[in-house]
Structure formats: structure tokens, C-alpha cells
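Chemist: This is what each chain is made of:
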Amino acid sequence: MKFPPRPLALGLLALGFSALIFSRAQAGGGHYYPPVADPLVKEECGSCHLAFPASMLPASSWKRMMGELDNHFGDNASVDPEVARKITAYLVANAADTGGQRYGAKLQRGVDPASAPQRITALPKWVREHREVPDWEWRHKDVRSKANCTACHADAELGYYED
Amino acid sequence: MKFRLALSCFVLSFHSLLASAGPLEAQLAAYATAAKAANPAFTGFSAARGEKLHVTNFALGKPDTPACTSCHGNDPRAAGKTLTGKVIEPVALSVSPGRYADPAKVEKWFKRNCNEVLGRECTPLEKGDWLTFVSSR
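Order-wise, the sequence lines are chains G and B.
In terms of the working numbering, the first sequence opens at residue 1 and continues consecutively.
In terms of the working numbering, the second sequence opens at residue 1001 and continues consecutively.
Everything labelled a hint here was simulated from the structure, so no lab data went into it.
None of these values were measured; they are calculated from a predicted model.
Treat the hints with care, since some could be wrong.
Dumping the calculated DSSO-like pairs for lysine-lysine here, alpha-carbon to alpha-carbon at most 27 angstroms [stated by the list, open to error]:
| no. | chain 1 | residue 1 | chain 2 | residue 2 |
| --- | --- | --- | --- | --- |
| 1 | G | Lys146 | B | Lys1062 |
| 2 | B | Lys1081 | G | Lys146 |
| 3 | B | Lys1111 | G | Lys42 |
| 4 | G | Lys146 | G | Lys42 |
| 5 | B | Lys1111 | B | Lys1036 |
| 6 | G | Lys42 | G | Lys125 |
| 7 | G | Lys63 | G | Lys125 |
| 8 | G | Lys63 | G | Lys42 |
| 9 | B | Lys1105 | G | Lys86 |
| 10 | B | Lys1081 | G | Lys42 |
| 11 | G | Lys42 | B | Lys1062 |
| 12 | B | Lys1052 | B | Lys1086 |
| 13 | G | Lys42 | B | Lys1086 |
| 14 | G | Lys86 | B | Lys1111 |
| 15 | B | Lys1062 | B | Lys1052 |
| 16 | B | Lys1081 | B | Lys1052 |
| 17 | G | Lys42 | B | Lys1108 |
| 18 | G | Lys146 | B | Lys1111 |
| 19 | G | Lys146 | G | Lys106 |
| 20 | B | Lys1105 | G | Lys63 |
| 21 | B | Lys1108 | B | Lys1086 |
| 22 | B | Lys1108 | G | Lys86 |
| 23 | B | Lys1086 | G | Lys146 |
| 24 | G | Lys63 | G | Lys86 |
| 25 | B | Lys1105 | G | Lys42 |
| 26 | G | Lys125 | B | Lys1086 |
| 27 | G | Lys63 | B | Lys1108 |
| 28 | B | Lys1062 | G | Lys141 |
| 29 | B | Lys1105 | B | Lys1052 |
| 30 | G | Lys141 | B | Lys1081 |
| 31 | B | Lys1105 | B | Lys1036 |
| 32 | B | Lys1062 | B | Lys1111 |
If we strip away everything but chain B, and leave its shape as in the complex, we get (with noise of 0.2 angstroms):
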């Protein structure tokens, strides 16, 4: 009896800790495993960083988009714009809920428009920073 009360606590716990581990959050988690792994010295995500690299002007991929607010404009709330006219969805979590939710799809847009702004793939860290940065929007 006691066995099986410790085990339905442990059941239920368990559960709750899967519920409010959304895909963003286990992404999130793997990213920082990853910048762990890449520099010890790592301790967590900084949304600072994260919306610096949102805002610096690199111009080091393509002429078009010298920076992420190329396209994405000044404003994380705001609706962004390609240069082919397509409306983009607000980056700020608290605007767009939901935007992060397919971890694929997140990893599919870093490495393009990653390499469109700044000419390589980012790394786990840039990626952990800009999602921190775009989550506390």
C-alpha cells in the first residue's frame, strides 16, 4: 500500500515535470547542454546577449541583411518583413505564442538566417541567448 501511494506521488510528479517542459524549454535545455560542453565556463543564457545579436549590424552573410532586424525589424513585438514582401510573424514569445513550438522548425530557420546575416551557422550559446532574449519579450 505505501509502495503503491510512493509510486502514484512519484507517477504524478513525474508527469507535472513533463507538462511544463514545453518543446522550447527541452530545446533550450539541449542547447545548454551544448554550450556547456563547448565552453565549461558556461553558466546560463543571457537575454542581453541575446537581443545585442538581434540588433548588431554584422553584414557579413548577404548585402540584403546585414542584421537580424533586417527582415525582422526594430521591434521583437512587431511583424517583420522579407525583402519580397512577406509578412513575418512578431519574434516576442508573448506576442506570438506558439512560434516555438516545432524544435525542427527552429533549428531549420537559425541555420538559414543565421548564414544569411552573419555568413556561418550560430552556436548553441547565440541560439540558447536569442531564444532567452525573444521569451522575455
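Chain G with its partners taken away, still in its complex shape (with noise of 0.2 angstroms):
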């Protein structure tokens, strides 16, 4: 059997570029990072900041992260070790190079696991999405810091981060 060449390429060129279209709609457009879905996690992670999207950072990010929590950014915001445990279970599940990797791996980009980078301001993709931001925005008093993704994203706690 045959095949004609001309239609086949086109015909698989429509799908690669429909399946291209489809899997960034499903992504939103690569700003979709699916919300903290554990209540647990939503209250403990969720009172005092944004409970960050477990694929935001990698899986070693997250292990390192949850057990330093008595100095957490400055804060002790230890947990009981039964409360942390499955804290951790749920971030290691979903991280962005585990469950969480189609919305979380292009955010890695750069980034070496094994580092276990703890400040998602500070991976290179955030720098580089958030370059246009000036100072005086950052400092603005209903902004005030990096970690408060919803003063400008009004949709973040749906998970999504667009502009």
C-alpha cells in the first residue's frame, strides 16, 4: 500500500499544529497553574499567602521547604509533624517535575532540581515573565511583595497568572 505524500504531510502538519493550539488552550496559554486542591494544604499554606501551586516549584524545592518551616522566609511557620507529613506528601505528588509537570515545567526552565530553589520570584522564568514591572509598582502599598500574586493577577487563586 500507497500512501499520496502531499496530503499525509499536510494532513499531520493540521494535527501537530491543532494539537499545538489545543494542549496551550488546555495550559491557558502556559499562565495556568491548577489551585491548591487539598483542604489541608489550602488552610495551612493559604492563611497568611497565596497558597502557591504545588507545580510552581519542583519536588526537592518542596521537601527542603517543608522541613525548614521554623525559619520560613523569616517566619516560624512550623506545623505538627503529622500535619507536615501530609503537607509534603500532597506538593512532592503534584510538583513540577511529578503530577504538576504540563503546568509546571516550563517555569523549571533553567533551574537544576537538585538546588532545590525555594523562592519562585527568583526562578529565571519569573524574572524574565516579570521584567517589565518597574519599582515603584513592586513598592506600591497594595502590592508590597513578590509573593502577592492576586494584587495584580486577580484570578491567581483560580490558578490563573496571565497579564
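Both chains are given apart, each in its own frame, so use the hints to dock them into the complex.
Modeler: Laid out in C-alpha cells, this is it:
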């Protein structure tokens, strides 16, 4: 059996293109990070700041962070060992290099997971995406912290981090 | 018969006593016992002392949070905001009923927040005063 080469190539091209569009649309144009779904993680990690999506950091980062909660960016955010164990399990299972790969892989470009980065706002891709934000906007009284995603990304709680 | 009547009266009154003493009341009673143990001159909690604790600029903990009001705001009936923009339910019990229904949660936040503002844990007297203050608002 012989395939006609041109229609086949065109068909494959169309298929590939639509697959690309579809995956981008599904992933919210690469700016969608599924919000934390676990009620315990949402409560414990989302009282002081937005409960950052697990897919924003690799598993190694979450493990390290959960082991250093007594000095969590300067705060003592310790929780009961049993609570910590459950939170860690959720974050590790949905991290950027595990279950959340589809959403978080791009954000990890240029990152060595072995270095277990702690600040999402220090990831090269994050820095690049925010390079046009002027200093005065960061210092604005309604922003103040780079961890305050919702100040600019109104739907961050829902997982959308578009411009 | 008389005995059974007395018994049911006892059970009924005991039941209503339990119903009126919610988790917050029980927690306040526990703080009162501890405060009395620490200082025999303790006579009761004070909403005025609690308010002073709430608004005082201690600056003994983290530089970002010199006072309770740094995050909770000056009006106990209004919502507060963390430094990272998270909205905090108003502390006043009248606006946020049920806010202090879980003693473990109350303890957790006293521990964290007192350390951040005062650089140490709060005493049972301070905790009782503060809870009395927010309950009165």
C-alpha cells in the first residue's frame, strides 16, 4: 500500500498544529497552574499568603521547604509533624517535575532541581516574565511583596496568572 | 420516684450548663486558671488591657509587624491584610462569629503572632485579655 505523500504531510501538519493550540489552550496559554485542591494544604499554606500551586516548584524544593518551616522566609511557620507529612506528600505528588509537570515544566527552565530552589520569584522564567514591572509598582502599597500574586493577577486564586 | 426526678433535674441543668459553655468559654476558663496560678492576685480578664495589647507598637518581633494592628488593622470590626495581600477575617467576635470555635487553632495563631509581634509567646493573661477584648467588640 502506498500513501500519497503531500496530503499526508499536510494532514500531519494540521494535526500537529491543532494539538499545539489545544495543549496551550488547556494549559491556559502556559499561565495556568492548578490551585491547591487539598483542604488541609489550602488552610495551612494559604492563611498568610496565597497557597502557591505545587506545580510552581520541583519536588526537591517542597521537601526542603517543609523541612525548614521553623525558618520559613524569616517566619516560624512550624506545623504538627503529622500535618507536615500530609502537606509534603501533596506538594511532592503535584510538583513541577511530578504530577504537575504539564503546568510547571516551563517555569523550571534553566533550573537544576537538585538545587531545590525556594523562591518562586527567583526562578529565571519568573524573573523574565516580570522584567517589565517597574520598581514603583512593586513598592505600591497594594503590592509590597512579590509573593502577592493576586495584587496584579486577579484570578491567581483560580490558577490563572495571565498579564 | 423522688430520686428519679432529682436525677433528671440534675441531668437537665448539667446539660444546659454544658450547652452555654462553648469552646471559647472553656478556653478562657483554662487561661484564667493558668493566669491565677501564675499570679494569685489575678481577679479576671480585662477587655481594656486586651485592647492596649492589640494596638501597642511593641516592635519586639519581626520588623514588618511591630503591632497586632500591622496586619489586623486598627478597626477590630474591619478585615485585615497580611503583607502578602491575604485578607484576614475581622477579629471582632460580633462580625466574625465562630472565629474562635477551635481552641487548637486559636493557640496556633497566638503562638505564631505573639512571636512575630512580641518576639516571645504570650502569657495566659495576655491571651485571655485579648480574647475578652475581641469578644466584647
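Chemist: Now, for every hint given, state plainly whether the structure supports it.
Modeler: The hints, checked one at a time:
no.: 1; hint: Lys146/G with Lys1062/B; verdict: holds, 18 angstroms
no.: 2; hint: Lys1081/B with Lys146/G; verdict: holds, 15 angstroms
no.: 3; hint: Lys1111/B with Lys42/G; verdict: holds, 20 angstroms
no.: 4; hint: Lys146/G with Lys42/G; verdict: holds, 20 angstroms
no.: 5; hint: Lys1111/B with Lys1036/B; verdict: holds, 20 angstroms
no.: 6; hint: Lys42/G with Lys125/G; verdict: holds, 25 angstroms
no.: 7; hint: Lys63/G with Lys125/G; verdict: holds, 21 angstroms
no.: 8; hint: Lys63/G with Lys42/G; verdict: holds, 17 angstroms
no.: 9; hint: Lys1105/B with Lys86/G; verdict: holds, 18 angstroms
no.: 10; hint: Lys1081/B with Lys42/G; verdict: holds, 17 angstroms
no.: 11; hint: Lys42/G with Lys1062/B; verdict: holds, 25 angstroms
no.: 12; hint: Lys1052/B with Lys1086/B; verdict: holds, 25 angstroms
no.: 13; hint: Lys42/G with Lys1086/B; verdict: holds, 13 angstroms
no.: 14; hint: Lys86/G with Lys1111/B; verdict: holds, 22 angstroms
no.: 15; hint: Lys1062/B with Lys1052/B; verdict: holds, 19 angstroms
no.: 16; hint: Lys1081/B with Lys1052/B; verdict: holds, 20 angstroms
no.: 17; hint: Lys42/G with Lys1108/B; verdict: holds, 16 angstroms
no.: 18; hint: Lys146/G with Lys1111/B; verdict: holds, 26 angstroms
no.: 19; hint: Lys146/G with Lys106/G; verdict: holds, 20 angstroms
no.: 20; hint: Lys1105/B with Lys63/G; verdict: holds, 25 angstroms
no.: 21; hint: Lys1108/B with Lys1086/B; verdict: holds, 18 angstroms
no.: 22; hint: Lys1108/B with Lys86/G; verdict: holds, 18 angstroms
no.: 23; hint: Lys1086/B with Lys146/G; verdict: holds, 13 angstroms
no.: 24; hint: Lys63/G with Lys86/G; verdict: holds, 12 angstroms
no.: 25; hint: Lys1105/B with Lys42/G; verdict: holds, 15 angstroms
no.: 26; hint: Lys125/G with Lys1086/B; verdict: holds, 25 angstroms
no.: 27; hint: Lys63/G with Lys1108/B; verdict: holds, 23 angstroms
no.: 28; hint: Lys1062/B with Lys141/G; verdict: holds, 19 angstroms
no.: 29; hint: Lys1105/B with Lys1052/B; verdict: holds, 23 angstroms
no.: 30; hint: Lys141/G with Lys1081/B; verdict: holds, 12 angstroms
no.: 31; hint: Lys1105/B with Lys1036/B; verdict: holds, 23 angstroms
no.: 32; hint: Lys1062/B with Lys1111/B; verdict: holds, 14 angstroms
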